[in-house]
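**Student:** Take a look at the letters that make up each chain.
There are 6 protein chains.
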Amino acid sequence: MTTRPSGRAPDELRSLHFERQFTKHAAGSVLVSFGDTRVLCTASVEERVPPWLRGADQGWLTAEYGMLPGATHTRGAREAARGKQSGRTVEIQRLIGRSLRAVMDMHALAGRTVTIDCDVLQADGGTRTAAITGGYVALADAMDTLVQRGKLKSSPMHGQIAAVSVGIYDGTPVLDLDYAEDSQAETDMNVVMNEAGGFVEIQGTAEGHAFQREELDALLGHAEKGIGELLAAQRGARGE
Amino acid sequence: MTTRPSGRAPDELRSLHFERQFTKHAAGSVLVSFGDTRVLCTASVEERVPPWLRGADQGWLTAEYGMLPGATHTRGAREAARGKQSGRTVEIQRLIGRSLRAVMDMHALAGRTVTIDCDVLQADGGTRTAAITGGYVALADAMDTLVQRGKLKSSPMHGQIAAVSVGIYDGTPVLDLDYAEDSQAETDMNVVMNEAGGFVEIQGTAEGHAFQREELDALLGHAEKGIGELLAAQRGARGE
Amino acid sequence: MTTRPSGRAPDELRSLHFERQFTKHAAGSVLVSFGDTRVLCTASVEERVPPWLRGADQGWLTAEYGMLPGATHTRGAREAARGKQSGRTVEIQRLIGRSLRAVMDMHALAGRTVTIDCDVLQADGGTRTAAITGGYVALADAMDTLVQRGKLKSSPMHGQIAAVSVGIYDGTPVLDLDYAEDSQAETDMNVVMNEAGGFVEIQGTAEGHAFQREELDALLGHAEKGIGELLAAQRGARGE
Amino acid sequence: MTTRPSGRAPDELRSLHFERQFTKHAAGSVLVSFGDTRVLCTASVEERVPPWLRGADQGWLTAEYGMLPGATHTRGAREAARGKQSGRTVEIQRLIGRSLRAVMDMHALAGRTVTIDCDVLQADGGTRTAAITGGYVALADAMDTLVQRGKLKSSPMHGQIAAVSVGIYDGTPVLDLDYAEDSQAETDMNVVMNEAGGFVEIQGTAEGHAFQREELDALLGHAEKGIGELLAAQRGARGE
Amino acid sequence: MTTRPSGRAPDELRSLHFERQFTKHAAGSVLVSFGDTRVLCTASVEERVPPWLRGADQGWLTAEYGMLPGATHTRGAREAARGKQSGRTVEIQRLIGRSLRAVMDMHALAGRTVTIDCDVLQADGGTRTAAITGGYVALADAMDTLVQRGKLKSSPMHGQIAAVSVGIYDGTPVLDLDYAEDSQAETDMNVVMNEAGGFVEIQGTAEGHAFQREELDALLGHAEKGIGELLAAQRGARGE
Amino acid sequence: MTTRPSGRAPDELRSLHFERQFTKHAAGSVLVSFGDTRVLCTASVEERVPPWLRGADQGWLTAEYGMLPGATHTRGAREAARGKQSGRTVEIQRLIGRSLRAVMDMHALAGRTVTIDCDVLQADGGTRTAAITGGYVALADAMDTLVQRGKLKSSPMHGQIAAVSVGIYDGTPVLDLDYAEDSQAETDMNVVMNEAGGFVEIQGTAEGHAFQREELDALLGHAEKGIGELLAAQRGARGE
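Residue numbers (my numbering), protein chains in the order written: chain A, 1 to 240; chain V, 1 to 240; chain C, 1 to 240; chain H, 1 to 240; chain D, 1 to 240; chain S, 1 to 240.
Calculated directly from the structure, the hints in this document are not laboratory data.
Some hints here could point you the wrong way.
Any copy will do: because identical chains look the same in the list, a pair fits if it lies in one copy or spans two.
[What the hints assert, rightly or not] With a cut-off of at most 20 Å between alpha-carbon atoms, the simulated SDA-like pairs for lysine to any residue come out as follows:
1. Lys24 with Ala180
2. Lys84 with Arg94
3. Lys151 with Arg48
4. Lys24 with Gln148
5. Lys225 with Pro10
6. Lys24 with Glu46
7. Lys151 with Met106
8. Lys225 with Arg213
9. Lys225 with Glu214
10. Lys24 with Gly76
11. Lys24 with Asp182
12. Lys151 with Val49
13. Lys225 with Leu13
14. Lys153 with Arg112
15. Lys225 with Thr172
16. Lys151 with Ala108
17. Lys24 with Pro5
All chains should be built: construct the whole structure from the sequences, respecting the hints.
**Tutor:** Next comes the structure, spelled out in structure tokens:
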């Protein structure tokens, strides 16, 4: 049987931590840790909507993602200095936005835009799933803030959401890959699910050999278990 | 039971056509049609590798995707004039590139770069899956051209690949969505598979309600059937 | 006497073809062929005007030009990926726009913008003159479409226009240069004329030795002949 | 008969002035005036060639054009601040470069790049023709400087070149249009010729009605006369 | 004791010249010379304010700076062609704008934007201080023009401003460094002051060894003397 | 006498904290806090030099600065998404780089580039001075790391450096302005000094009324006191 570099069991998450109110200006601010991966997620609310929604009876939610240059083993280029976000960044922030919009009632948010900023302070694999999972907490906190300030009668959120990666490492399906595993994995899949067990996003890529249907089934089983634990941890962190 | 706008059965592909050697300069050139979706796929070979592969004993394959401004119901902005590819474009061309690299032996391609250009002349849903499926034919033709010209002893391709979309339309899992279905679908999934029944990519998104595991299973079943037919059609078009 | 690579007489056009309604979404869509040069011209109509014409009692017509990367002998860079249109592209699309505006009554088009997109699928010399000549047909078809849909009482076009290249190849003035000639020509001139024999644009460049007044006269004679044939072919294709 | 706003005869140039050595750093530096149009032309020489000429036995000449924001009646945007040169700028600088390359022996310039910078300090029509005419003087001065410094044995220039605009103003063909004429002209043509009476560039555009062959002939006659005078003035300014 | 390359005394300015109305379109236009440094400063007035001031009861003043490519010893890249202003340019134009805003009553300018364009025709050190000093004269001239045209009852300027560089060259504090000194200086400081002896900006940088408080005091003394002379010269040039 | 919003004495710094090794990948990583201003400073070392230093016997140090979108009271635009760094960002990162280069022996760093990334997690005034002060600690830590890894025999740093802001708030010169003060200050000055009491940078701007020489003297006195405390705190944090 495979030994994971971290010594974890195949279906074991990394240690998980949510530090709420990590910064003070944004309506929601959470530093989420999936092991050594640390992502600062802030949820900012603005009293306006994008041009293409003017006059429509709904609000909007969008996400932006960034990796601090010093967050990785070898320094990455600063995208602001290069004048362009990479294809990877664009793909990830689109995924985060779609995932969080899935639990938001846009009509109840009418006239407002929520922006979820996910900035990776330290990367060790799984930054996009940490961003979605932490971003949910920042978003829920921000909506509570609006309710407390009397700007909304109730939270416009109608569901809970979390994300995790699964993959095939050294022939074995494993949960929540860290960088040592991710860089060697034959298959990598990111799964986003809600609290009712429904799938919101599945993105799987065979890096090496194509994966078979039974491998896919095993991976989805790991993801369901892991997301159950992540959803519970989100509720715990939020005191629910 | 649902009636599809086109009158097709739930697991029925659109009419499929490959027009090989559609243009004369590129080593491979195929106009692929999935119903009214028409994509021009060319495979160009250059005798150089990207800077980050210099000195490495391998070649490279990359893909670029574009939508002609007049290809859609309402004219789209020209990305070259805007000075920027959209996030959607970037995502799609990364998917095409990863998918086709999965069947290519990069070492056998040493010193060369193949670029697959997929330009949508007319859009009616499923442009990315048509691009992968047609791109495979253009690529295989280009490799045959290199062999015929004596530049390669044998084709560096070690597999066959095709892609199709599946989704839940009006409550029913359906195969190969056209625009009328795609714009209404609750769930949309793109599946890329090889000739051995292995999955190379799965990208599923719940647009409306999250999908359940049994819906996912039904969608994967449709995809497996559809891809089988696409792979056969590719072989037929190539005279294999 | 010079033999042209194609065996054509000095004042002989390449075989000419207009395939109308090549795509279905744009109001006008024509695939024009000047020999092996093939350009897809679409005319799209939008019910708005550019910001600088708001409040003015007129419409607008603009053109955009692109070369598919695989259209040439050696693959060209995709301008959308480079983030910038080349100087050559900008020059050509400005020429196409000016030329077609010359036969359009902008007041009769009030409140609308027509965009002519000219995308080169295969290049073999003379792409800009093919684009103007085919663009005219797409534009005229689009205006007829607006009339048929009851959006305009009559076509706002008040003239017919076509374009051709002439040049000095191997010492002889020739009409409608293909790539083999164009790449060797000492002088290259693009001429745009209307159905009344008036000049709309002349752009001549001496690549090698400067041309004398009598050479210019010979070139203009060829252009007048060629454009007469192109105008007749446009009318034939349009069933006039 | 038409009266020109300036009171000039139809075939009369504006007052012409070349101020050589206007600045001290560039190898050639000329402030040229065509009436109130004033363009600073500098010719800078660098001991390197563009990447695509490395290893080739020739040098290169390129031109860049700019309009100072305060040079026009209403302030124009600064292209460096907008982050982009306009289509008009690109077109003009390509014309200047092609024109001056026509009188330069690139092999005799091997290993060097000459850049002609043409910056318009004050605009009153005809800036591109002033730039070519003044740019020639700056270029010839720079080549003489290289000879004096012992870097070249003799000047690599094999011809003389000048440019002028002609057009139809209020029904009459006129020479060297100023802004008051240019903004009203029905036809505008820029002509570049060498000292042997050969045409290097002709760019004519009908702004209003298309021009007839006899009008074209009259315009070319004016251009030939005007360029003769410009060539003489260049020689006078250079003390030849 | 140090001998300056120019032979000037340590507290001696270069010869100073203001050529007003150097160009005719802008409301104010001054060619300022600090020795061989020559900067064309124009002040253009537009009857609009930036978007972020709409509805506010004030006008705005902004500055832009550019260096002509041929202005320096070795040709500099054209920022418009590179598609980006350098960090140095941005820094300088922000400094010029802040400095001139310090003497302008923005409320009296309501509804208008003044743009000061400072373009360096020839560089020999101190271009930013020449730009501020000359920009003041162009601005004051432009405000007088508005008063003369009846657009303003009185000038909205409430002070006078000038700038100079000081630095430590070869161990000695000196005033108004030219390029020969600037490129060797251990410390370089730009000082902007008003007619009441108040400091508007101080920007000092130690290029080599850090400067001591007494050196700073000596530099400020030189600056106060030099600016007194510059303010007097501005008044002289303006006939005050 | 003025009461500062925070209740601090005029010459009192905010509470100061350095959290070293805040992240694990960069050679030096410090989270510095000046009160509620928190900046993550990382120092990354790469074994290469910029193109313009190739062949020269020295290394290089550069700095980049960014503000996370959620760091401020109202969300700021993400510069990577806008495709451009603001003028303010460029100015700040140039200042950080110049300041830290002042204490580095570039020859001892030959063949290497150090990049100091300063990313503001939370902003409350004085982010640039916190960045320089924290950046010094990250840099010194990174150089120690290189020595420990045997890549350098001794640290190439020859000095210590810190920065602080001073300004005139409500008529009183104060030290280390927070946002409440900074947004109201009449004058704002950033001072960078070394451990020997030498000035490395002074950047003072009068926002409202120009400051007099005696005010400048008072500000410099505060800065000297504050920097003395900052230098001591840096040594304390580093265990020196």
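**Student:** Of the numbered hints stated previously, which ones are contradicted by the structure, given in increasing order?
**Tutor:** Violated: none.
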